[in-house]
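In order, the protein sequences belong to chains A, B, C and D. Per the numbering used here, the very first residue in the first sequence carries number 1; after that it's consecutive. Per the numbering used here, the very first residue in the second sequence carries number 1; after that it's consecutive. Per the numbering used here, the very first residue in the third sequence carries number 1; after that it's consecutive. Per the numbering used here, the very first residue in the fourth sequence carries number 1; after that it's consecutive.
If you're looking for bench data, these hints aren't it; they were derived computationally from the structure. Do not take every clue at face value.
[Unchecked claim] List time: in silico PhoX-like cross-link candidates among lysine-lysine, alpha-carbon distance up to 25 Å: (1) 359(C) - 360(B); (2) 215(C) - 409(D); (3) 3(B) - 99(A); (4) 360(A) - 420(D); (5) 430(D) - 221(C); (6) 79(B) - 377(A); (7) 286(A) - 2(C); (8) 359(D) - 360(A); (9) 99(C) - 2(C); (10) 79(B) - 430(D); (11) 360(D) - 286(A); (12) 72(B) - 328(B); (13) 55(A) - 215(A); (14) 3(C) - 286(A); (15) 420(D) - 355(A); (16) 55(A) - 377(B); (17) 221(C) - 339(A); (18) 48(B) - 406(A); (19) 420(D) - 431(D); (20) 359(C) - 30(C).
[Said to hold, decoys possible] Chain D residues, not near chain C, derived (Cβ > 10 Å throughout): (21) 11; (22) 13; (23) 48; (24) 70; (25) 73; (26) 99; (27) 157; (28) 199; (29) 230; (30) 242; (31) 314; (32) 350; (33) 423; (34) 440.
Note that CB positions come from ideal geometry on N, CA and C, so glycine has one too.
Protein chains: 4
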Amino acid sequence: MKKLWQKNQEALNPLVERFETENDLLLDHKLTKFDVYGSLAHAYMLTKIGIISPKEFGVLRNSLKKILDLDKKDSFKLKFGDEDIHTKIENFLINDSGKPGEKIHTARSRNDQVLLNLRLFGKEKLLEIWGETLQLASVLNSLSQKFEEIPMPGYTHMQKAMPSSVGMWFGAYAESALDNIQLIKTAFELNNQSPLGSAASYGVPLPIDRQLVCKLLGFEKVQNNSLYCQNSRGKIESIIMFALLQITLDISKMASDIMIFTTSEFNFFDVNKTFTSGSSIMPQKKNVDIAELLRSKVHVIESYFTQIINITKNLPSGYNRDSQDTKKPFIEGFDLTSKVIEMAILLVANITPKKDVLKKAMTEDLYATEKAYGLVKQGMPFRQAYMEIGQNLSAIDDINPLESLKMSKHIGGTGNLNIKNTTRQINFEKKILNTKQKEYQKTIINLLNLN
Amino acid sequence: MKKLWQKNQEALNPLVERFETENDLLLDHKLTKFDVYGSLAHAYMLTKIGIISPKEFGVLRNSLKKILDLDKKDSFKLKFGDEDIHTKIENFLINDSGKPGEKIHTARSRNDQVLLNLRLFGKEKLLEIWGETLQLASVLNSLSQKFEEIPMPGYTHMQKAMPSSVGMWFGAYAESALDNIQLIKTAFELNNQSPLGSAASYGVPLPIDRQLVCKLLGFEKVQNNSLYCQNSRGKIESIIMFALLQITLDISKMASDIMIFTTSEFNFFDVNKTFTSGSSIMPQKKNVDIAELLRSKVHVIESYFTQIINITKNLPSGYNRDSQDTKKPFIEGFDLTSKVIEMAILLVANITPKKDVLKKAMTEDLYATEKAYGLVKQGMPFRQAYMEIGQNLSAIDDINPLESLKMSKHIGGTGNLNIKNTTRQINFEKKILNTKQKEYQKTIINLLNLN
Amino acid sequence: MKKLWQKNQEALNPLVERFETENDLLLDHKLTKFDVYGSLAHAYMLTKIGIISPKEFGVLRNSLKKILDLDKKDSFKLKFGDEDIHTKIENFLINDSGKPGEKIHTARSRNDQVLLNLRLFGKEKLLEIWGETLQLASVLNSLSQKFEEIPMPGYTHMQKAMPSSVGMWFGAYAESALDNIQLIKTAFELNNQSPLGSAASYGVPLPIDRQLVCKLLGFEKVQNNSLYCQNSRGKIESIIMFALLQITLDISKMASDIMIFTTSEFNFFDVNKTFTSGSSIMPQKKNVDIAELLRSKVHVIESYFTQIINITKNLPSGYNRDSQDTKKPFIEGFDLTSKVIEMAILLVANITPKKDVLKKAMTEDLYATEKAYGLVKQGMPFRQAYMEIGQNLSAIDDINPLESLKMSKHIGGTGNLNIKNTTRQINFEKKILNTKQKEYQKTIINLLNLN
Amino acid sequence: MKKLWQKNQEALNPLVERFETENDLLLDHKLTKFDVYGSLAHAYMLTKIGIISPKEFGVLRNSLKKILDLDKKDSFKLKFGDEDIHTKIENFLINDSGKPGEKIHTARSRNDQVLLNLRLFGKEKLLEIWGETLQLASVLNSLSQKFEEIPMPGYTHMQKAMPSSVGMWFGAYAESALDNIQLIKTAFELNNQSPLGSAASYGVPLPIDRQLVCKLLGFEKVQNNSLYCQNSRGKIESIIMFALLQITLDISKMASDIMIFTTSEFNFFDVNKTFTSGSSIMPQKKNVDIAELLRSKVHVIESYFTQIINITKNLPSGYNRDSQDTKKPFIEGFDLTSKVIEMAILLVANITPKKDVLKKAMTEDLYATEKAYGLVKQGMPFRQAYMEIGQNLSAIDDINPLESLKMSKHIGGTGNLNIKNTTRQINFEKKILNTKQKEYQKTIINLLNLN
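One chain only, chain A, in its complex shape (with noise of 0.2 Å):
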């Protein structure tokens, strides 16, 4: 197909249009309705500005219309010598609907074009991961009531050192769930910024205006400086994937725990039977796998980032074709943390805490802290009884773990998880999202009513 930069017969070398074009040949369909939407609003502007007339515009939707309907039905897919979905898109319109075709492109380039492409499609996945990490905090908080009573030991340097719950522990990432949606959010808003009419990268001397295609596509202010636009190009991305990145090292720590939880030498939770898979040659084996994979999974998501940082950070101002190789990371990222997010839903869903393994682990080792505060109620300075305490280990008698968790009654303490106020904090950015949800949606079916 003829690409919409050539002029005459001097084709490119076939094995470098491989080379070149095979990344966006697989990827570039998950982009063709954010370029449709795109190129609805950029045409309706040009009829504003008297380039295209309204007649014309309505022969465009229509075209328009068309390839979301066949991208529906999976039949918009890019063959080699399609170059990307911009050029094909617009390779139909002029087949499709001739001479408005010829016009689309008026004022605008492929290098905004996929600019705003990633954008739309950034703000569109940060919308899902934003509800799927509030879902897992949900669940996560709701198991750390459910099992707020159940004592496990707490460690650090791995050694048995405080008493803790199985509550503190679900706990604990529920409300790093809730840190990460400070990452998403800020991601989402550095996102939501319209970055169409800087075109190749220095804008265009024709009267465009930036402000209509910027509320058509519900886009909160246009990023202004044309050249930071395309400059921005991989540092929105890293920034997103950032906010992927914490996710997905949360649930990695996560599974880490488990994996060691679930070791025969702790035997802290029973894991539901369906998770757990057998080995090829050893009969007796049940092993946590997917605790595993979700634990390997954030280095992945760090390599995703990592190449959209290093692409993005040695280039020269300006588009750089380097750029397009963040594509495929960027677009990965999402579906990989999805699944993840995903899995780690159903792990915690599916593992229970083993009271009797649990009550048995609470070895009188953990107690001596509360030992020597017990000193220290008594008048002894803490250095002291820690002193006392430190040389007569025997001495801690037997204690009741249950009311032992419930003394550390201080926010946050075992006694005292304030699971009622992270319900309300989750309940409270539900809302929040689901605005954001409603405008978003109500965006592209006014954009899809434009005439």
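Chain A is fixed; fit chains B, C and D onto it per the hints.
Okay, now just chains B, C and D, sitting in the frame of chain A:
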């Protein structure tokens, strides 16, 4: 010196002690004042819950202020045997104030002390970086305004693309710096949570008042779940370091541009002679080493970031000693980023666009798109106009570069860089920062006057 | 399909199964033939120790060859439920050959099968990369010879420094490619150890003959300690990937140079038109996208490398499922590196130095050092000569660039690039590789003819 | 102090100078002796080609030896203004020996001096690391022998898998250390090329004798192409750092194992009390901090490695000042790796397997595979035997762990760890190293006695 945890004669093997503590011995003096602040708030709270008498608090406060004085005179340095700043301070307090010193460690652990110290250190440093980044944005924005009307070729794929201006180039980095402010704010906010009271990682069976120490230390909120407090060690640092990474990434990109623009082939900028170095072998050389070293620093910051992420990534829940190795990259990361921003400000203030060279560089090919738009204005569809100009490049007449710049008058185009708006934003952000700085200063003053 | 480890009705949760196996389902077909090779050798050895009868071996060999045939016709693809290639093959063998199929897994584990497969895959791919790297060195060396006498400015700090030549520039990359061969050889050697017999990670209580399978599969030696075999999973891959990283790093650097040298400001090379692309908006553009994409690929390979290192880094001893995630970067890393080398060879063969431009670029300042040496030859100490020339740069007379090049006649100077020696080295290395390739082919033939 | 390149009054802006030189001022004293060695060889060569008279060489040699003496007494430290060690040394020579000092820089550049210094530094340090790695292998191999007959559960997926032994566990790391020796050797070989004479990056128009300085400095060969010499800056360092990364990666993995094996739940090893630390809050704690800090160090080394790779990755050909930032991670990487190996050796020598605990840990499930093989020996196909045992795990009778270990008598099985062979290999490698060390010492002695 005796360790807090030493209960009898067996000391740590000295080789092991050296290996374990040498980084802390070098770095912990940077945390001294923050450990004192935390100790003041903690001791005051212990008074309120009846562990320490008001009189004992007075004694401790005096001893703690002595430490501040010694620290100011650089006389509180750690030496081999001191282990870390927490041990050194408790030992000092016991020596200096006796029994009250033996009480100070009630209900706290070195684990939450270091966590707290790093939060306070991070807060103070983030406020500095925040200010420096705004200053950089401000300088860049002024240069954007100053050189708004100096044309410069705009590049894509490192090839001449369309007309740009020196003002657009500076402006792109100003806007990027403003986006970085959002990352700094998010990091600031997540860092602004009080971990004190998390103790070893699991809270304490004593009725401590975490809300009180939170308020005394000027944090926005208590970080709730005790285990999460410790699990967030490294996490918060990585979020901060990510903001620093983006700042240095922009500066590196700007330095890369400067390296290209100051080659003798491009020759767009004149660099102040006191900013260039020569060669020991080649008499004619004038190198812009400073730009090279600003270009490279992002890799150093990235390695600090990655180190923190990687150390944190695979650790199980609860405190682990590995975290100690995140201190060095965290502390050095701040120092280096401050220097990099300072140097970047110096550098951009010492390069001057060469008007004549830039004028000559505005060759006809840069106007090919503009010419095509000329045909578009006459009614020709863009794709046809593109073909026509593409096959007749020689037909491009002489164009007045400055007038051409002005034709891009859409938002963020060369004719409308929107500088006033950026100035407004910068001033707005300066006010926000100013408020934060004053709050922080007031908190510290109040803290030192507790009684 | 039933899993090898399924002992009764409980199947794995299908969502979990999809998450756990989806990468293997996509990638494992690349390992089919290697799994067959390993199975042939293993079965033969089981015959020698009396577990399988010679007749049963014959049956198994026929079934295994059927798999090879199916695989050649691309008819042995994995689908959901197949789990991995090892499971699929054992199930096929049991279906196809009955009882002998049920015996094939005696004394082995999927853990050592995958380890073995990756070694064999790595060997075959390393031989390919080895050859391609030599070809690249060879092409670069020829270009170095061809353009030995074309002067070109030499740059340091991106500023004109001293006279260089196009030949020296190409030659630098030829020599670097030869150093990379050493890394490939080390990787090849460490990969050339037979892990078969390590079983799950701890060997088997059966008198297997590991030396025999090692010999049959053409490995140089048995990797001894069974646990080390499994612990080296990821380690060997990272050593291989490091060699690929260096190869792509050189190509990225060369592409960076080409990007600079083909700017209109430098304009040193002419690029074959079928290697440049245009812009969809700017009619005049001719971009060297291929160089940009070669420049960026090193970051992709680096991310594969880092992924493998990071996954491997924190795992405890013995097999862990996390290792599965090292397969994708390992397999894709080879594919991508091969393409990158192929494209680099194509690119350098399609750029031509512009003699006239280069001649004009040989400005006087490049000869300042030579002039200082002129004074040195007259007896002036160098530092004085340097000062004198440095203060009188205008005194540099016109110099004949070519004669100047020839004056650097020391080893590796522009007048003595030592190309013949490099040619000799390349030929020597080609012979070594040729021997390895033949050995490998012979091994496979013998293996397929075992009886 | 005046810079070599200062031709008149304009000095570098002092803020810029501080930023540009501060790392070198801290680090370059580690290169002093190597700069002296290089200067000796270079001056001698200049004598042979008639630039310096034999008498002048004598003067220079004496001045250079003065520097060595000062350096030994730590009296040749750099201070602000000295720029770098090369400038400091030339200035010293000019002050100390007058005219000959002004000649020393003929035909060389600081660019190839620093390249040379780093090669010589790298050589000396690699010889140290090589020896330390062999010592680690040796200690681990001895422990493998010592504990060959102490059973220990073998784990896969962190679940009990099959019988292993403490000897197998130690032996796995011994063998891995031996593989690392191959990486050290490759790094040593690639580092063992003389770059001297590459000058700024493009050689010199003087008839220098590169082969002579190569021989005098003990390099194996001249690194040919002058430009490649400079382009290999960073490349060689990254190859060396990769070897260090693998060494620390193994130690980190071993430390991770130790952390798990010393939890109270596993409790497999007794750690010497002088290797554990307590807690400031919990009287009962005994933590193995040393293992945690060995576990974390790999991330520091990895960050050094990545820093070098990343700085080097995007630079164009020829010397760039960015390279300066590779010095710190390179130099610190060696120091840290040496300490890590030393500590690892100390740690493994101070942990003792707890025989009783380990014996109890050898539970029946570990023998399921062995039982299945029992049925195999009676003629049942393995897959059937597997099913039968899998459904009747309780049927596993008591087994003698030690006899069971001995049953795995194939190469690398628990009954045949092949320790003697490993010992032989270690001794063989020690001889190779010994030869290299002696060669190096002899080279230095000869160099100092040149006349």
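Structure-based check of each hint:
Between residue 359(C) and residue 360(B), the direct Cα distance comes to roughly 22 Å. Compliance with the 25 Å bound is thereby established for this hinted pair. Straight-line distance between C-alpha atoms of residue 215(C) and residue 409(D) comes to about 19 Å, which keeps the hinted pair within the 25 Å bound. Between the alpha carbons of residue 3(B) and residue 99(A) the distance comes to roughly 83 Å, so the proposed pair goes past 25 Å and is violated. Between the alpha carbons of residue 360(A) and residue 420(D) the distance comes to roughly 45 Å, so the proposed pair goes past 25 Å and is violated.
A hinted pair counts as satisfied when its Cα atoms are at most 25 Å apart, and residue 430(D) with residue 221(C) qualifies at roughly 21 Å. Between residue 79(B) and residue 377(A) the CA atoms are separated by roughly 35 Å; this puts the pair beyond 25 Å, and the hint is violated. Among the hinted pairs, residue 286(A) with residue 2(C) is consistent with the structure: their alpha-carbon atoms are about 16 Å apart, no more than 25 Å. For the given pair, residue 359(D) sits about 22 Å from residue 360(A) by alpha-carbon distance, which is consistent with the 25 Å threshold.
Restraint check for residue 99(C) and residue 2(C): the C-alpha separation of about 17 Å stays at or below 25 Å, so the hint holds. For the suggested pair residue 79(B) and residue 430(D), the alpha carbons sit about 38 Å apart, so the restraint of at most 25 Å is broken. Straight-line distance between C-alpha atoms of residue 360(D) and residue 286(A) comes to about 21 Å, which keeps the hinted pair within the 25 Å bound. About 21 Å separates the Cα atoms of residue 72(B) and residue 328(B), which keeps this hinted pair within 25 Å; it holds.
For the proposed pair residue 55(A) and residue 215(A), the alpha carbon gap of about 22 Å is at most 25 Å, so the pair holds. For the hint linking residue 3(C) to residue 286(A), the alpha-carbon distance of about 13 Å falls within 25 Å, and the restraint holds. A distance of roughly 49 Å separates the Cα atoms of residue 420(D) and residue 355(A); the hinted pair therefore is violated under the 25 Å criterion. With a C-alpha separation of about 18 Å, the suggested pair residue 55(A) and residue 377(B) falls inside the 25 Å cut-off, and the hint holds.
Restraint check for residue 221(C) and residue 339(A): not satisfied, since their Cα atoms lie roughly 41 Å apart, outside the 25 Å limit. With a CA separation close to 21 Å, the supplied pair residue 48(B) and residue 406(A) stays within the 25 Å bound. Distance hint between residue 420(D) and residue 431(D) is fulfilled; the C-alpha atoms sit about 17 Å from each other, no more than 25 Å. At roughly 51 Å between alpha-carbon atoms, residue 359(C) and residue 30(C) are farther apart than 25 Å, so this suggested pair is violated.
No Cβ of chain C approaches the Cβ of residue 11(D) within 10 Å, the least distance being about 15 Å, so the stated non-interface status holds. Distance check for residue 13(D) against chain C: the nearest CB is about 17 Å away, which clears 10 Å, and the non-interface claim stands. Every CB of chain C is more than 10 Å from the CB of residue 48(D) (nearest about 13 Å), matching its label as outside the interface. In this structure residue 70(D) is separated from chain C by more than 10 Å, as the shortest Cβ-Cβ distance comes to about 22 Å.
Residue placement check: residue 73(D) keeps its beta carbon more than 10 Å from all beta carbons of chain C (closest about 28 Å). Not every CB of chain C is more than 10 Å from the CB of residue 99(D) (nearest about 5 Å), against its label as outside the interface. The claim that residue 157(D) is not at the interface with chain C is violated, since a C-beta of that chain comes within 10 Å of its own (minimum 6 Å). In this structure residue 199(D) is not separated from chain C by more than 10 Å, as the shortest Cβ-Cβ distance comes to only about 7 Å.
With 10 Å as the threshold on Cβ separation, the claim that residue 230(D) sits away from chain C is violated: the shortest Cβ distance comes to roughly 8 Å. Listed as a non-interface residue, residue 242(D) fails to keep its Cβ farther than 10 Å from every Cβ of chain C; the least gap is roughly 5 Å. A Cβ of chain C approaches the Cβ of residue 314(D) within 10 Å, the least distance being about 6 Å, so the stated non-interface status is violated. Distance to chain C confirms residue 350(D) as a non-interface residue, since its nearest Cβ pair spans about 20 Å, more than 10 Å.
Here residue 423(D) stays apart from chain C, with its beta-carbon at least about 12 Å from theirs, past the 10 Å limit. At the 10 Å boundary, the C-beta of residue 440(D) stays outside the reach of chain C, the nearest C-beta of that chain being 21 Å off.
In this structure, the hints that do not hold are numbers 3, 4, 6, 10, 15, 17, 20, 26, 27, 28, 29, 30 and 31, in rising order.
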